[in-house]
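Colleague: Sequence:
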Amino acid sequence: ETPKNCPKIPSLPGPGKKSILHQESAAFVRSGESAMGRESFLLVPLLILLAVAAAAAAATANTADAGVILELAKSLTNPPPSWTGTDVCGGATFQGITCDGGRVTGINLAKQHLSGTLPPSLSDLTALQWLQLQGNALEGDLPSLARMGSLETLALDGNAFTALPPDFLEGLTSLQSLS
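Heads up, the sequence shown is in the working numbering, so the first residue is 36 and it goes up one at a time.
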């Protein structure tokens, strides 16, 4: 017999029977499984959406980088002969252009007898690590390179540039070599 102040403890179930606590736990686990199934069901489309968005962002970066190189080609009076088409980082080889993951990471056009100017959009090549244009006949104002935080090597000597913008080297925290 249970004293008046103590709660009654249910008796353990007999063989082959499940307690109420066990039944409630099983129902909770089943409801958790179905919730997890719903979460997994929603997670798959979310992951697909994120992958598509990442691919679109990469394609936009690739297109933007290609656009800058095509502007550079237009600003040169004699671009390299291999610079044909629009697929800067793809199948066609653009002499002197190095890409990684569809982004332009290097321009090496040193001593190529190039003439013309550099487009202001050059600073949009935010993945560019080296820019080597020394020993050409490039002229005019140099564009700002302020947004090129990945730039490590900059070689512009041996050209006929006439002016530097005030923020020319601003924010080039990775720059290791300048000539």
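Just so you know, these hints were derived from the structure itself, not from any lab. A virtual CB, placed ideally from N, CA and C, is assigned to each residue, including glycine. Hints should not be assumed to be uniformly reliable.
[Said to hold, decoys possible] Capping the alpha-carbon separation at 20 angstroms, the derived lysine to any residue pairs in SDA-like fashion look like this: (1) K146 / L111; (2) K146 / T161; (3) K146 / T133; (4) K109 / G131; (5) K146 / G120; (6) K146 / L207; (7) K109 / Q169; (8) K109 / G120; (9) K146 / D135; (10) K146 / F196; (11) K109 / D122; (12) K146 / W118; (13) K109 / S214; (14) K109 / G136; (15) K146 / L177; (16) K146 / P201; (17) K109 / G151; (18) K109 / D135; (19) K146 / S209; (20) K146 / T112; (21) K109 / Q167; (22) K146 / E205; (23) K146 / D122; (24) K146 / Q130; (25) K109 / E174; (26) K146 / G131; (27) K109 / S212; (28) K109 / P155; (29) K146 / Q167.
[Said to hold, decoys possible] Simulated DEER-style distance windows between Cβ atoms: (30) E174 / D202: 19 to 27 angstroms; (31) G206 / P116: 20 to 28 angstroms; (32) G137 / T197: 31 to 39 angstroms; (33) G120 / D202: 17 to 25 angstroms; (34) G193 / T98: 27 to 35 angstroms; (35) L199 / T161: 16 to 24 angstroms; (36) G175 / E205: 17 to 25 angstroms; (37) N113 / D192: 13 to 21 angstroms; (38) E106 / A195: 19 to 27 angstroms.
Colleague: Now, for every hint given, state plainly whether the structure supports it.
Modeller: Here's how the hints hold up against the structure:
no. : hint                            : result
1   : K146 / L111                     : 14 angstroms, holds
2   : K146 / T161                     : 24 angstroms, violated
3   : K146 / T133                     : 17 angstroms, holds
4   : K109 / G131                     : 16 angstroms, holds
5   : K146 / G120                     : 23 angstroms, violated
6   : K146 / L207                     : 24 angstroms, violated
7   : K109 / Q169                     : 19 angstroms, holds
8   : K109 / G120                     : 13 angstroms, holds
9   : K146 / D135                     : 24 angstroms, violated
10  : K146 / F196                     : 15 angstroms, holds
11  : K109 / D122                     : 15 angstroms, holds
12  : K146 / W118                     : 17 angstroms, holds
13  : K109 / S214                     : 25 angstroms, violated
14  : K109 / G136                     : 24 angstroms, violated
15  : K146 / L177                     : 18 angstroms, holds
16  : K146 / P201                     : 27 angstroms, violated
17  : K109 / G151                     : 9 angstroms, holds
18  : K109 / D135                     : 23 angstroms, violated
19  : K146 / S209                     : 25 angstroms, violated
20  : K146 / T112                     : 15 angstroms, holds
21  : K109 / Q167                     : 18 angstroms, holds
22  : K146 / E205                     : 27 angstroms, violated
23  : K146 / D122                     : 24 angstroms, violated
24  : K146 / Q130                     : 13 angstroms, holds
25  : K109 / E174                     : 14 angstroms, holds
26  : K146 / G131                     : 11 angstroms, holds
27  : K109 / S212                     : 28 angstroms, violated
28  : K109 / P155                     : 12 angstroms, holds
29  : K146 / Q167                     : 9 angstroms, holds
30  : E174 / D202: 19 to 27 angstroms : 21 angstroms, holds
31  : G206 / P116: 20 to 28 angstroms : 35 angstroms, violated
32  : G137 / T197: 31 to 39 angstroms : 34 angstroms, holds
33  : G120 / D202: 17 to 25 angstroms : 34 angstroms, violated
34  : G193 / T98: 27 to 35 angstroms  : 32 angstroms, holds
35  : L199 / T161: 16 to 24 angstroms : 20 angstroms, holds
36  : G175 / E205: 17 to 25 angstroms : 20 angstroms, holds
37  : N113 / D192: 13 to 21 angstroms : 20 angstroms, holds
38  : E106 / A195: 19 to 27 angstroms : 20 angstroms, holds
The structure does not agree with the numbered hints 2, 5, 6, 9, 13, 14, 16, 18, 19, 22, 23, 27, 31 and 33 stated previously, though it agrees with the rest.
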